[in-house]
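Residue numbers (the numbering used here), protein chains in the order written: chain R, 1 to 287; chain P, 288 to 541; chain Y, 542 to 900.
Simulated coverage check for chain P against chain Y, where a stretch passes if three residues somewhere in it have a Cβ under 8 Å from a Cβ of chain Y: (1) 396-405; (2) 410-420.
Cross-link-like lysine to aspartate or glutamate pairs, in silico, DMTMM-like; alpha carbons within 20 Å at most: (3) Lys319(P) / Glu797(Y); (4) Lys860(Y) / Asp847(Y); (5) Lys609(Y) / Glu337(P); (6) Lys860(Y) / Asp840(Y); (7) Lys588(Y) / Glu339(P); (8) Lys761(Y) / Glu153(R); (9) Lys762(Y) / Glu153(R); (10) Lys614(Y) / Asp602(Y); (11) Lys614(Y) / Glu339(P); (12) Lys762(Y) / Glu896(Y); (13) Lys795(Y) / Asp704(Y); (14) Lys319(P) / Asp597(Y); (15) Lys761(Y) / Glu749(Y); (16) Lys761(Y) / Glu896(Y); (17) Lys807(Y) / Glu873(Y); (18) Lys795(Y) / Asp701(Y); (19) Lys104(R) / Glu534(P); (20) Lys588(Y) / Glu608(Y); (21) Lys807(Y) / Asp704(Y); (22) Lys807(Y) / Asp872(Y); (23) Lys761(Y) / Asp714(Y); (24) Lys198(R) / Asp185(R); (25) Lys614(Y) / Asp340(P); (26) Lys609(Y) / Asp840(Y); (27) Lys588(Y) / Asp340(P); (28) Lys609(Y) / Glu339(P); (29) Lys702(Y) / Glu153(R); (30) Lys762(Y) / Asp726(Y); (31) Lys460(P) / Glu441(P); (32) Lys614(Y) / Glu337(P); (33) Lys702(Y) / Asp714(Y); (34) Lys702(Y) / Glu797(Y); (35) Lys149(R) / Asp701(Y); (36) Lys614(Y) / Glu831(Y); (37) Lys754(Y) / Asp886(Y); (38) Lys588(Y) / Asp602(Y); (39) Lys319(P) / Glu512(P); (40) Lys795(Y) / Glu512(P).
Keep in mind the hints are simulated off the structure, nothing from the lab.
Treat the numbers as computed from the prediction; the structure is a model and nothing was measured.
C-beta: ideal position from N, C-alpha, C; glycine also.
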Amino acid sequence: MRRRLLAWLARRPEAEAWALLGPGTLWMIVFFIVPVVVMCAYSFMPRGTYGGVDPGFTLEAYARFLHPVYLVILERTFVIAVLTTAFCVLAGYPVAYAITRSGKWRTLLLFLVVLPFWTSFLVRTFAMIFLMRDTGLVNSWLMGLGIIKQPIEMLYTPFAVFAGLVYGYLPFLILPVYASLEKIDPSLLEAAEVLGAKPAARFWRVTLPLSGPGLVAGSLLVFIPALGSFLTSDLLGGAKGLLVGNLIQNQFSTARNWPFGSAASLILMTLVLVAALLYLRVGRERE
Amino acid sequence: MPRWLVAFTAIVLFLMHLPVLVLVAFSFNASKFSVNWTGFTLHWYQRLLEREDILAALRASLIVGVSATVIATAFGTLIALALARHRFRGRTLYEGLIYVPIVTPEIVTGISLLILFVFLRVPLGLGTIVIAHVAFSISFVVVVVLSRLAGMDETLEEAAMTLGADEITAFWKITVPLLWPGIISAALLTFILSFDDFVITSFVAGSGSSTLPLIIYSMVRRNVEPSINAISTVIVIGTSILLYVAEKLTRESA
Amino acid sequence: MNRRELIALGLGSLLAACRQLRDTLTPEQRTAADAAEAAEPLGPIEKRLSIYNWSDYVAPDTISNFEKEFGVKVTYDVYESNEEMLAKLLTGATGYDLVFPSSYAVSVLKAVGIASPIHRQYLTNWGNIAPLFLDPPFDPGNAHTVPWQWGITGIAFRSDKVDAPDSWAVLQDARYRGKMTQMDDGRDVIGSWLRYRGHSLNSEDSDELAHAKLDAIAAKKNLKAYISAPVKGQLISGDVWIAQLWNGDATQAKVEQPNIAYVVPKEGCTIWEDSLVIPRSAPHKRAAHEFMNYILRPDVQATISDFTGYGTPNAAALKLMQHPVPYPTADELRRLELQVDLGRDTAVWDQIWTEIKSA
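Taking the hints into account, I'd like the entire structure generated from these sequences.
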């Protein structure tokens with residue numbers, strides 16, 4: 001019985017592949033692709049009075065998105081995502097570099113970077129609240145040391161959201177950069193040294209370019225979630241500023257405007273996919 | 288290594304861990320509101336045990352986590368095997384598409400699944416949460432197992448087969464044991480992802496099927512008290528242990 | 542079938558099957574159907590009950606006492622706003638037996654056909670309700686609702702930190718910058734600024750709404766955050782000095798911080814009435830009715846309202862209460878307004894709320 005099955009499969013190499021791919025692919029199609037398709041359809045339908053959609057076809061959801069208030073939200077989200085990414089690169093790249101040079105400490109340091117990467121994002125965001133509240137730790141220390149008389153308003157400001165995003169996503173940058181730095185052939189650097197390049201030049205002309213793919217990957221791993229972030233601005237922003245993620249969530253809860261929420265989701269997803277495709281393009285060129 | 292780099296790294300790593308360390312430390316603080324240390328206590332941990340809703344949520348998170356992990360790891364491993372070992376039409380496209388769920392913002396995944404369930408009139412509950420978690424985890428398992436497969440030597444299996452084993456025997460006796468640490472790693476990491484998920488779960492959870500992150504979120508929004516610190520500490524320690532085991536497994540077999 | 546036909550068929554069935562969130566019967570048909578259903582008997586009391594209520598809205602022992610007396614296991618979920626509850630119910634969350642919508646939310650539930658008729662025959666304590674609360678405008682004849690509690694959305698403040706405010710204008714006062722909050726609710730925020738200018742807080746007039754938006758944005762500069770009931774903790778700790786808040790929650794906070802006081806702004810504010818409603822998909826309707834009857838008992842209602850600090854529609858309970866909240870006088874009522882469902886204008890209000898939030 002077994003032998004017959006194997007013989008049959010051997011004649012059809014593709015069948016074996018699809019037998020393996022089958023279950024998972026089916027699940028993904030039904031529970032990932034189909035929902036997005038339905039969401040796409042919903043974005044073109046008129047809004048039901050109490051939520052949901054009415055039958056019909058309309059572009060009003062997309063037209064609504066062109067209203068300045070929503071474009072401003074998109075722009076603001078984009079700016080925060082870019083700033084977060086930039087700051088993560090500035091803070092994270094040196095750390096990744098240091099880990100590659102750390103010798104016997106390497107495993108420990110890696111674990112210290114990986115651990116926050118895996119710790120619940122919600123818990124870590126709450127930790128920020130705990131630190132930044134008016135009656136939180138930072139203010140208490142500063143007041144206790146007499147540096148300030150009144151608590152600094154840290155929480156519920158754009159700064160809090162920015163800090164929360166950087167804190168949340170920094171590990172996401174360090175790991176890919178480290179992976180890419182690690183792969184650099186040390187003989188290339190030795191060669192450069194032999195050719196008379198000083199340490200600074202060796203870094204800028206050899207190390208940095210060769211770590212490019214890791215840097216791009218890490219930046220994307222920060223930029224994309226930051227663009228779609230919802231929890232950070234929800235908990236740290238004091239509900240005073242809206243990012244695209246919050247806007248979308250709103251449409252499916254308080255505003256009950258499903259077509260508009262769907263349209264906004266698709267716009268966000270398109271932006272993200274464009275960013276990812278750009279990465280692939282750059283990544284391929286480098287190789 | 289230049290000294291400024293050492294200092295810089297130390298500072299950054301310290302800041303990366305400071306908030307959670309503070310959180311954990313204050314879960315033992317006797318004071319309810321203030322950040323003044325009024326004494327060591329396990330009171331807040333005791334409160335956790337008294338709160339039925341937290342225990343129920345913990346139970347729900349574990350059930351969902353284990354179910355989603357088993358299903359996603361199984362499906363994902365099979366896909367990884369197909370991608371690594373077989374040629375088929377559309378393979379490059381498939382390889383590209385498998386990354387799409389990873390880059391898709393959680394809010395889009397969550398919302399689209401909500402729309403689907405409402406459209407199909409599927410009642411929301413633990414089942415829909417498991418479905419959602421599997422959906423976003425499969426890609427992830429594929430990536431992890433693929434990277435392990437890439438480093439694996441096929442010659443062992445070929446050797447086994449020249450010695451008379453058929454493909455299925457070779458698979459179970461050679462491939463799986465070699466792959467096992469990678470599979471377990473992927474499973475542990477999938478479990479962590481599922482256990483900690485908030486955004487997607489918040490959209491597809493039904494009445495009374497709160498998972499732990501949902502309960503923590505509502506506690507953070509409503510009344511901030513050290514019980515939150517306590518449950519957070521439990522999660523952090525649990526995650527660290529799982530992560531340590533996962534790392535050990537990947538390192539051992541490397 | 543060729544590919545094109547297949548796609549057309551697929552899209553067609555997709556559109557046709559779209560779940561329309563609207564009642565399938567006309568209002569007249571619905572009234573008749575409900576009346577017929579209300580007369581039918583329900584089965585025996587089920588062993589479980591799933592309640593979805595606002596946070597901090599029952600006394601600490603209400604649920605456990607009910608469980609013990611009737612042998613029913615209660616699951617208790619909470620929400621922070623009508624919208625949160627409506628969103629859950631409208632997306633097909635079918636497990637809840639009881640929800641507590643405010644006036645306009647009742648209208649929404651009825652319009653979508655989700656409110657199930659009350660079987661009055663099981664509510665033996667019905668007579669305890671004061672006539673004032675019977676037959677409300679949003680539910681004639683109490684076909685779908687049992688009155689629960691009522692309250693107002695005014696301003697809570699720390700009397701030891703600020704002078705007693707008397708107007709919504711205090712939120713635009715830069716003296717208290719960073720120490721004030723408004724509720725995280727578009728209807729409450731926009732409503733407050735509509736009242737400030739003397740307009741109705743159910744206004745659909747674009748000029749009035751435009752003014753309210755500008756006022757809200759002017760106030761936003763001074764606000765610490767938009768935060769609803771959870772602001773209690775910050776009032777107690779002194780992080781916040783002035784907060785738009787419900788009267789009962791302010792009373793609850795006062796227990797921990799005696800310096801908290803409450804005021805109804807002179808321009809007026811919202812008065813709201815919450816009711817118990819059983820969703821159509823409730824699996825345990827009989828147990829739900831028993832709970833409704835239970836909280837209609839004078840002693841139970843008195844305990845609940847004494848704890849929550851809200852007004853009760855239960856005339857018999859009022860006599861038993863230690864701190865009854867007096868119903869507003871006719872004079873005061875002139876300044877208070879009930880929120881009405883905005884129907885399609887919800888989209889307009891939502892856009893304004895989004896603009897305020899992103900300003």
